[in-house]
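With the sequences and hints as input, model every part of the structure.
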Amino acid sequence: MIEETAPAGASTPESAEQRIEALEKALAKAQAELADMRSTYQSLHDMLMHARTPICMWRGDDFVFTLVNENYCAFFPGRQLLGKPLGEALPEAVEQGFLGLLGEVYRTGKPFIGNELPVKVLNAEKGGEEQRWFNAVYAPVRDGTGAIIGVCHYGVDITEQVQARQAAEAKADELRQSAELIAAQQETIRALGTPLLPLANDVLAMPLIGPIDSRRSEQILEGLLQGVAKVGASMVILDVTGVETIDTQAANALARAAQALRLLGARVLVTGIQPPMAQVLVELGVDLGGIATYSTLQSGISAAMSGRRLPGSPRGGAGAR
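Residue 0 is where the sequence shown starts when you use numbering that gives the first Met the number 0, and the numbers rise one by one after that.
A portion of the hints provided could be inaccurate.
Unchecked claim - Taking lysine-lysine pairs in the DSS-like style, the calculated list, with each CA pair at most 30 Å apart, reads:
id, residue 1, residue 2
1, 170, 119
2, 119, 109
3, 83, 119
4, 83, 109
None of these hints come from the bench; they were simulated from the model. Since we're looking at a predicted model, the values are computed, not measured.
Structural data, given as structure tokens:
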């Protein structure tokens, strides 16, 4: 009997025991990898379930809840969400347009990123709806082949930040309105403090009451120049009957006003200078040259009316000093 021998260089057939051993090793490796994947999945699942932000996942085009974490459920106390379609579990979400938003993500596969999304949710403690705001992401969920099988949601409640910003904006608007009101009041006070009254077409009178400081003297000068330029006045009466005293700065301001008005072709008459003020002016050595003075407003008005320029006469005509 001739014994057959394997050709030189040919591999020895693998025994059944060896094949079983290789399969057992491959199985053990696969089981280890599966256990590792399950551990990783469980860790991720636990992390999502205990995250301090609302997270959920829907499956299918009717968006059945397959995952909701504690924070998401907290916004809907007493609701059964898992296993129910969005429209059934949260009809108010449909009313607010979220079903259409999810449908767009599901159809196109394009994530939706929303900043400061306004959402109305039920507040059990208050017994009604309340407005809240979220930064949220809606992303497609795919299977192993890449096909879209659902949508997941990740959100951050930023209600406190939005309310704080809105409060700051409201306060800023309030301050702006207050500033505008104060400015308007100051303008009114300025106008009342330096009134310019027309006595005739080319005669103006400014009755002054109260102390005259540097700021008010500037307002007086500004009001006089604007008023004279506007109406083309040839005569201006400054009545200081209501001014009890005056200092050097205010007196010099009156002198500067007279000089400025003369450059515009108008005369200045000062009426109502009381003895105490006259004494102060003398002691201060204030030069009121070129300013006609009268003891009373009535006498000043009479002088102004008799000395005002007639129609067709040049500025500073009859009666000008």
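Structure-based check of all given hints:
1. 170 <-> 119: With a Cα-Cα distance of about 25 Å, the restraint between residue 170 and residue 119 holds, given a limit of 30 Å.
2. 119 <-> 109: holds, 25 Å
3. 83 <-> 119: holds, 20 Å
4. 83 <-> 109: Answer holds: residue 83 to residue 109 is near 24 Å, not above 30 Å.
Hint violations for this structure: none, all hints satisfied.
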